[in-house]
Amino acid sequence: MQEALLKLKNYLLRIFILAGLLWSRLSPTGRAALLILMLLVLTALFAPLLAWHPPDVSSGPALTPPGDGHLMGTDDLGVDLWAMIVFGARVSIIVGLGTALLAGLGGSIAGIASAYKGGWMDRVIMRLVDIMIVLPDLPVMIVLAAFFGPSLSNIIIVLALFSWSRPARLIRAQTLSLKEQPYVKMAAHYGGGFFYLLFRHFLPELLPLLLVNMIRLAGMAIIAEASLAFLGLGDPTSRSWGLIINHAVNFSGIYFTPFWQWWLLYPWLFLTLLVTSLALLGRDLERVADPRLSS
Amino acid sequence: MSFINKNTRPFYSIPLLLFVLILCAALLASGCTTPEEPGAQEQEPPDGEETEQLEGSVKQDVDFDDPQIIRLEGPNAGFPSPFAHYPRMRGTVMKYIFDSLLEIDEEDYIPWLAKDWEISDNGKEHLVTLRSGVKWQDGEEMTVEDVVFSFEYYQEYPPVFIGEEVMDRDFLISIEAVADNQVKFVTAEPSGTFYGEAGIMRIIPKHIWKDIEDPYEFTEPEAAMGCGPYILTDYSQEHNTYRYEAYEDYWGPDQAVDVLEMIPVSEEVLALESGEIDLSRIPPDVAPRFEENPEFKVETSPAFAGYLLSFNMNDHELFDDNRFRQAFTYAINKEDLIEKTARRGAKPGSPGILPEDHRWYNPQIKHYGYDPEKAEDILKELGVNEEKTFELLVGEGVEVRIGEALKEQLAIVGVDLNIVALDRQSRDSRAFDGEYEIALLAMGSWGLDADWLRIRYASGGDETAGGGSATALLGAGQGFSSEQLDHLFEKQRQKTDPDKRKQIVFEIQELLAETTPEIPLYNGFYYYAYRPDHYGGWIFMFDHPVMEHAKLSFLDRE
Chain S
1 MQEALLKLKN
11 YLLRIFILAG
21 LLWSRLSPTG
31 RAALLILMLL
41 VLTALFAPLL
51 AWHPPDVSSG
61 PALTPPGDGH
71 LMGTDDLGVD
81 LWAMIVFGAR
91 VSIIVGLGTA
101 LLAGLGGSIA
111 GIASAYKGGW
121 MDRVIMRLVD
131 IMIVLPDLPV
141 MIVLAAFFGP
151 SLSNIIIVLA
161 LFSWSRPARL
171 IRAQTLSLKE
181 QPYVKMAAHY
191 GGGFFYLLFR
201 HFLPELLPLL
211 LVNMIRLAGM
221 AIIAEASLAF
231 LGLGDPTSRS
241 WGLIINHAVN
251 FSGIYFTPFW
261 QWWLLYPWLF
271 LTLLVTSLAL
281 LGRDLERVAD
291 PRLSS
Chain B
1 MSFINKNTRP
11 FYSIPLLLFV
21 LILCAALLAS
31 GCTTPEEPGA
41 QEQEPPDGEE
51 TEQLEGSVKQ
61 DVDFDDPQII
71 RLEGPNAGFP
81 SPFAHYPRMR
91 GTVMKYIFDS
101 LLEIDEEDYI
111 PWLAKDWEIS
121 DNGKEHLVTL
131 RSGVKWQDGE
141 EMTVEDVVFS
151 FEYYQEYPPV
161 FIGEEVMDRD
171 FLISIEAVAD
181 NQVKFVTAEP
191 SGTFYGEAGI
201 MRIIPKHIWK
211 DIEDPYEFTE
221 PEAAMGCGPY
231 ILTDYSQEHN
241 TYRYEAYEDY
251 WGPDQAVDVL
261 EMIPVSEEVL
271 ALESGEIDLS
281 RIPPDVAPRF
291 EENPEFKVET
301 SPAFAGYLLS
311 FNMNDHELFD
321 DNRFRQAFTY
331 AINKEDLIEK
341 TARRGAKPGS
351 PGILPEDHRW
361 YNPQIKHYGY
371 DPEKAEDILK
381 ELGVNEEKTF
391 ELLVGEGVEV
401 RIGEALKEQL
411 AIVGVDLNIV
421 ALDRQSRDSR
431 AFDGEYEIAL
441 LAMGSWGLDA
451 DWLRIRYASG
461 GDETAGGGSA
471 TALLGAGQGF
481 SSEQLDHLFE
491 KQRQKTDPDK
501 RKQIVFEIQE
511 LLAETTPEIP
521 LYNGFYYYAY
531 RPDHYGGWIF
541 MFDHPVMEHA
551 KLSFLDRE
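Residue numbers (our numbering), protein chains in the order written: chain S, 1 to 295; chain B, 1 to 558.
Hints should not be assumed to be uniformly reliable.
As the list claims (entries may be wrong) - Quick look at which bits of chain B chain S covers, simulated, 3 or more residues with Cβ under 8 angstroms:
id: 1; region: 336-342
id: 2; region: 396-405
To be verified - Computed list of lysine to any residue pairs in SDA-like fashion (alpha-carbon distance at most 20 angstroms, straight line):
id: 3; chain 1: B; residue 1: K334; chain 2: S; residue 2: P61
id: 4; chain 1: B; residue 1: K135; chain 2: B; residue 2: I200
id: 5; chain 1: B; residue 1: K334; chain 2: S; residue 2: P150
id: 6; chain 1: B; residue 1: K347; chain 2: S; residue 2: T237
id: 7; chain 1: B; residue 1: K407; chain 2: S; residue 2: D235
id: 8; chain 1: B; residue 1: K407; chain 2: S; residue 2: T237
id: 9; chain 1: B; residue 1: K407; chain 2: S; residue 2: H53
id: 10; chain 1: B; residue 1: K407; chain 2: S; residue 2: P150
Keep in mind that the hints were calculated from the coordinates and are not lab data.
Even glycine gets a Cβ: it sits at the ideal position worked out from N, Cα and C.
Isolated chain S (complex conformation) (with noise of 0.2 angstroms):
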């Protein structure tokens, strides 16, 4: 019991540590970035806690300004906003999460396997690569959505078959200089196979670059959703930030009313600082990872 608390002692006192030196690495704009992230997710885990009124039915007179118990307003079904932007967060957040992991893991997956194995396989994943990049995404993602029809599930999965290509190329590019290092190849002739390098070498050895590759996917797909939600794509009853916009813009003569200037500002406003904070974090994190690049 006491070497098991000891043991955890010891993790989370790595994790600190680690944490603090990241930090001391990261630039000012960087830290803000981290630390409106933070309270964004923060934001999206303790929804419930956060909103006083249901995000899913009215609650108030339509189209309040706000104030007077509610804090951003409501819309036109009278559904409290800032419930809906606090619920509205998990959906960003579940959709850039999921495809990052989705696409990072997957396309540094076949990055690895095309440059480890080489030969026919990499000539298939590559030519799939150079494909999937040519293909302008948002027209077939729009397609595959449509197709596919509006779910969250479905978008992600959309998201990540488009998404997957420009990690596969760049792990592919760094995983062939790593299999050229001694310790590999040492591994290897002893008979290391595929997956115990996989899991033992290159991916722990490529988590750095991954991750920093992963932020940016996350950006780009809480973008692609916001977008697709917006073109009338996404689950019309589902509260994502994106759709806000959607029936926001939808109402008709809007800017001739005071109502954009809560029903479309606020959902607007934390979606640009979700994406900006994601990508001024993958900006310092790309530098901290790359060593070239801080000189």
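With chain S's structure known, arrange chain B on it following the hints.
Below, chain B alone, put in the same frame as chain S:
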């Protein structure tokens, strides 16, 4: 940089440079002249009336002193002949040019090219007396032959809009000129709707159309020549513009508007404010902005286009039960729906289906009111509990919002709705094929002749009536039938006396309100804003909520 010196070869470079310069000059010169030509052409003063396309069509040299010009926002509605226009705008673009036997004002059909319309006692013979002195826009006299020709031609080549009865050769048996100015229509059955259907058919000139075998492709300038108040002087399909001028020798009331133009604009409200257009439909929430401005006048149209909730009675025994649908009627708070999804722009739907603003609306029908407790009681009686989920099919945009609001309202009485949102066309086709449980349907034209109730609710009716647009799908195919209603539907159809017909339609509404085959949620109306100082002659036809579609909006009615 020594290597440059080494490689420079002055002998070659000077001629080369010259050559490049000359080439450039040549290119420049040619580049300058090419775009100049179309530019020069454009600058040629347009003679104000004609474009290339309309060369050879009717011309008139009229100088209007201080002409009244009205500009309207208009979509591309196709070539303005009765055959070539697009269904949108109800063919308004050609109605300015072509007159019909009857015209429509705020209250009723009024005599137009027909001076008199007599229906025989058995209801099968219609004797129409024509006005004299009507001239086509090319100067020829309009005769009884033109009227006979028009109807015969329409039976052979149906135009974009044509009434069922006018088109049907087995129904409209003969069209005959019985005197110089009289036409006799003979129908197989007495009909109370024939008058309205035939009355609004456009009369076309025989001398132009008699040899035309493909009227749908006939878009020569003379194809847009009628005997109506306006002459088409410019139509550009590419630019989406129409221009009409008042026809000087028009038989009827003076034109209050001399020149009428339709132009595309990107934002109607802004275009109205800047004076680019003279009339605009405005969103309900923007109406106060114009109401507060003394320069503008805001008017609301009759409330016709609406949404209704339809139950697939073949699919569910429960839906076939009158009480279940009534429970829904009690559970739906129409006022709240309007407040949320139509803002100030709608009136609650009538349980008798015909909307409040319909001229034959019966106010004495059973009204349900919002009563969630009663709804809950009925549902309990029927054994509907919260574990049961119904699928609600909705379209896109505001329909999703209506669906969400409905879901919330029905949750109060313990009914769970699962919203399935599709684009409008998929929704319509699914509704038409009967692949739904409960569907939210959008329908325009609720203001038309009450006979549409028959097309929609008579059992054994033609399922394809209504063009598959989900406007007429609830016939036998959807499982609703009522003998009593069927009988009344036929009865009203055959009554030629409008007052007697109206009484039957009143009865029909009472029955519909009792049986609630469908639940009309609300009927939307439009806000219109215009500058009365500039032009204020706008009216609404009794059956249609669009001001600029009324021909009388442009004519002097004094």
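Consistency of the hints with the structure:
1. 336-342: Since three or more residues must qualify, the claim that chain S covers the region 336-342 of chain B holds, with 3 doing so at under 8 angstroms.
2. 396-405: holds (count 8)
3. K334(B) x P61(S): Satisfied, since the Cα-Cα distance of roughly 15 angstroms is no more than 20 angstroms.
4. K135(B) x I200(B): holds (19 angstroms)
5. K334(B) x P150(S): With Cα atoms ~29 angstroms apart, K334(B) and P150(S) exceed 20 angstroms; violated.
6. K347(B) x T237(S): violated (25 angstroms)
7. K407(B) x D235(S): holds (16 angstroms)
8. K407(B) x T237(S): Holds - the C-alpha atoms of T237(S) and K407(B) are around 11 angstroms apart, at most 20 angstroms.
9. K407(B) x H53(S): holds (18 angstroms)
10. K407(B) x P150(S): holds (19 angstroms)
Consistency note: the structure conflicts with the earlier hints numbered 5, 6.
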